[in-house]
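Q: Okay, so the sequence shown: first residue is 195 according to the working numbering, each after it adds one.
Because the hints were derived from the structure by calculation, they are not lab data. The reader is advised that the hints may include incorrect statements.
Each pair of labels, with its calculated beta carbon distance range [what the hints assert, rightly or not]:
| # | residue 1 | residue 2 | range |
| --- | --- | --- | --- |
| 1 | 493 | 216 | 36 to 44 Å |
| 2 | 320 | 252 | 22 to 30 Å |
| 3 | 516 | 583 | 31 to 39 Å |
| 4 | 357 | 490 | 19 to 27 Å |
| 5 | 579 | 227 | 33 to 41 Å |
| 6 | 245 | 468 | 28 to 36 Å |
| 7 | 282 | 582 | 17 to 25 Å |
| 8 | 381 | 540 | 27 to 35 Å |
| 9 | 475 | 357 | 30 to 38 Å |
| 10 | 387 | 359 | 31 to 39 Å |
| 11 | 322 | 491 | 58 to 66 Å |
| 12 | 540 | 490 | 17 to 25 Å |
| 13 | 293 | 521 | 46 to 54 Å |
C-beta: ideal position from N, C-alpha, C; glycine also.
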Amino acid sequence: MSEVCTIGIDLGTSGVRAVAVRGQTELARADCAITGDARRDPLALFATVRTCLSDLGAQRDLAPEALAIAGTSGSLVPVSATGQPCGEISLYNAKADVAILALLESAPGPALGPCSTLARAIALQRTGAYVVFETDYIAGRLAGARLPADMNNALKCGVDPQTGHWPRTTAPLDPLRMPELVPPGQPVADMRSRLAKSFGFHSAPLICAGTTDGCASALAAGLERVGDAVTSLGSTLTIKMLSDTPITSAQHGIYSHLLLGHWLVGGASNAGGAVLRQFFDDARLADLGAQIDPEAPTGLRYTPLLTSGERFPTADPYLMPCFTPRPDCDSIFLQGMLEALVQVEAAGFQALRSLGAPPLRRLFAVGGGLKIKGWNALRHKYLPFDHHSAHQGDAAFGAARLARFSMVTERPQILAE
195 MSEVCTIGID
205 LGTSGVRAVA
215 VRGQTELARA
225 DCAITGDARR
235 DPLALFATVR
245 TCLSDLGAQR
255 DLAPEALAIA
265 GTSGSLVPVS
275 ATGQPCGEIS
285 LYNAKADVAI
295 LALLESAPGP
305 ALGPCSTLAR
315 AIALQRTGAY
325 VVFETDYIAG
335 RLAGARLPAD
345 MNNALKCGVD
355 PQTGHWPRTT
365 APLDPLRMPE
375 LVPPGQPVAD
385 MRSRLAKSFG
395 FHSAPLICAG
405 TTDGCASALA
415 AGLERVGDAV
425 TSLGSTLTIK
435 MLSDTPITSA
445 QHGIYSHLLL
455 GHWLVGGASN
465 AGGAVLRQFF
475 DDARLADLGA
485 QIDPEAPTGL
495 RYTPLLTSGE
505 RFPTADPYLM
515 PCFTPRPDCD
525 SIFLQGMLEA
535 LVQVEAAGFQ
545 ALRSLGAPPL
555 RRLFAVGGGL
565 KIKGWNALRH
575 KYLPFDHHSA
585 HQGDAAFGAA
595 RLARFSMVTE
605 RPQILAE
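Work out the full structure, taking the sequences as your base and the hints as a guide.
A: The structure is reproduced here in C-alpha cells:
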C-alpha cells in the first residue's frame, strides 16, 4: 500500500538531499553529492535531483501529495526565453562585477555586498539571458514549464518582501527578464506524470514555490507561532524569529522573509563556530567545552570575528576582532569566546525587540555548536528564555513541511497566534 507524504528537496552547496515526510515522521531520505564544476552545471544539478528522487521511490511506495525545494539564497541560473539553461550557475558566493556594484548604491541592504545577487543578475542579463533562481529552475524542470520564483530567494535581488515587486530604483535590472514572484509555499504546477512514474511514485505531486535553506531550516526546527525563534550555532551565528510584522534595518543587519502568512525576521552575524575552529579542532573543542563552568564568568571582553567587519546585530564594516588578553588556560580562553558569542546572540534578540519584534516565547537551537557542552550551558545561563530542543535542523525536512502546509487552503493553525 502506498504511503501519502510530502517531499522536500535541499539544493546544498556540495550535494542534494531529498526527504519524504508524513506529519513529523521521515519516511525516506536520499543524499547525492555534487561538487566542483558539476555544481555549476544546471543539467548536472537536475540529474542529481532526479537521482535523489529515484532513490526515494526505490526505498518506499510513496504517493507524494506536494513537493517544495529549498536552496541557498543567491544562486542564479541563466536561461533562454523557454527556460532552457544557457550558461553556468552563478553560485551564491561568486564575486559580482565591481562596475555594476558601483551603480547600486541605492539598492536595499540585502542586495549589496561583494557577492551581490542583484549585481550578478544584471551581469547575466547583459549576456542576453533571462535569470531564474536554482529552486524555480529545478521546479520548472520537474513540471516541464517555466515557473514563478518564491519571494524569499529573490530578497537579495532587492525585492520588496511586502509588495513582491522587483526593485524600481535600480534601472539596470530588467524585471521582464526575471521570473514572476509568488509567496513561498504557493502551489504553482504539477510534476509531469511521466516523470513521477519514472521515480516510482504512485502520484504526481503538486509543486509549490520553495524558499531559502535558512527559512526551511527554521521550519524544520519547530517554529510554529509568533514569538518562536531559532538560533543556528554554525560557522556563523544566525537568528530567526516568527513575527506578525516585517522588520528591516540596514543599521542592524536585520531583514524579513515572508513565511506562511507571517514574517521570519532576523539576521546573520559574522561571528560563530568558524572563529572557534581557528584555535581548536572539533575534538579539542568538545574536551575544553566540558570543562567550562558557567557560574565562573571570565570577565574577558572578546570580539569573536575572523576578520574585520560585522553584519548583525550591528552593521559595522570596521569592527575588528579581539582575542586579548589570552589566558594560559585553554578552557578559560574558550569560555571567553563562547561568552562573547552568547552576548552577540543576546544583542540580536534585544535589537529585534527594540525594533518591534514580539516577545520571545520559545527558543530553539540547531547547528554544530550544540556539540560543545559549555556553549549551550552558557546560553541557558545568560539567555533567560524558554529553551527547547529543535525537532530537526534539516532544510529538506523543512521544505517538506512547507509543502504540507501548502495543502491547507487557509493559514495553517500551526502558525496561528
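Q: Is the distance from the Cβ of residue 516 to the Cβ of residue 583 consistent with 31 to 39 Å?
A: holds, 33 Å
Q: Taking 30 to 38 Å as the hint, is the beta-carbon distance of residue 475 and residue 357 inside that range?
A: For residue 357 against residue 475, whose Cβ atoms are near 47 Å apart, the range 30 to 38 Å is violated.
Q: Between residue 493 and residue 216, does the C-beta distance stay in 36 to 44 Å?
A: violated, 51 Å
Q: Is the gap between the beta carbons of residue 322 and residue 491 within 58 to 66 Å?
A: holds, 60 Å
Q: Per the hint of 46 to 54 Å, is the separation of the Cβ atoms of residue 293 and residue 521 within bounds?
A: 48 Å Cβ-Cβ, so the 46 to 54 Å window holds.
Q: Residue 282 and residue 582, beta-carbon distance inside 17 to 25 Å?
A: violated, 42 Å
Q: Per the hint of 22 to 30 Å, is the separation of the Cβ atoms of residue 320 and residue 252 within bounds?
A: violated, 43 Å
Q: Evaluate the given range 17 to 25 Å for the C-beta pair formed by residue 540 and residue 490.
A: At roughly 19 Å between Cβ atoms, residue 490 and residue 540 fall inside 17 to 25 Å, so the hint holds.
Q: When you take the CB atoms of residue 245 and residue 468, is the distance between them in 28 to 36 Å?
A: The hinted range 28 to 36 Å holds for residue 245 and residue 468, with Cβ atoms some 31 Å apart.
Q: Quick check: does the Cβ-Cβ distance between residue 381 and residue 540 fall within 27 to 35 Å?
A: violated, 40 Å
Q: Determine whether the Cβ-Cβ distance between residue 579 and residue 227 falls within the hinted range of 33 to 41 Å.
A: With a Cβ separation near 37 Å, residue 579 and residue 227 satisfy 33 to 41 Å, so the hint holds.
Q: Measuring from beta carbon to beta carbon, are residue 387 and residue 359 in 31 to 39 Å?
A: holds, 35 Å
In this structure, the hints that do not hold are numbers 1, 2, 4, 7, 8 and 9, in rising order.
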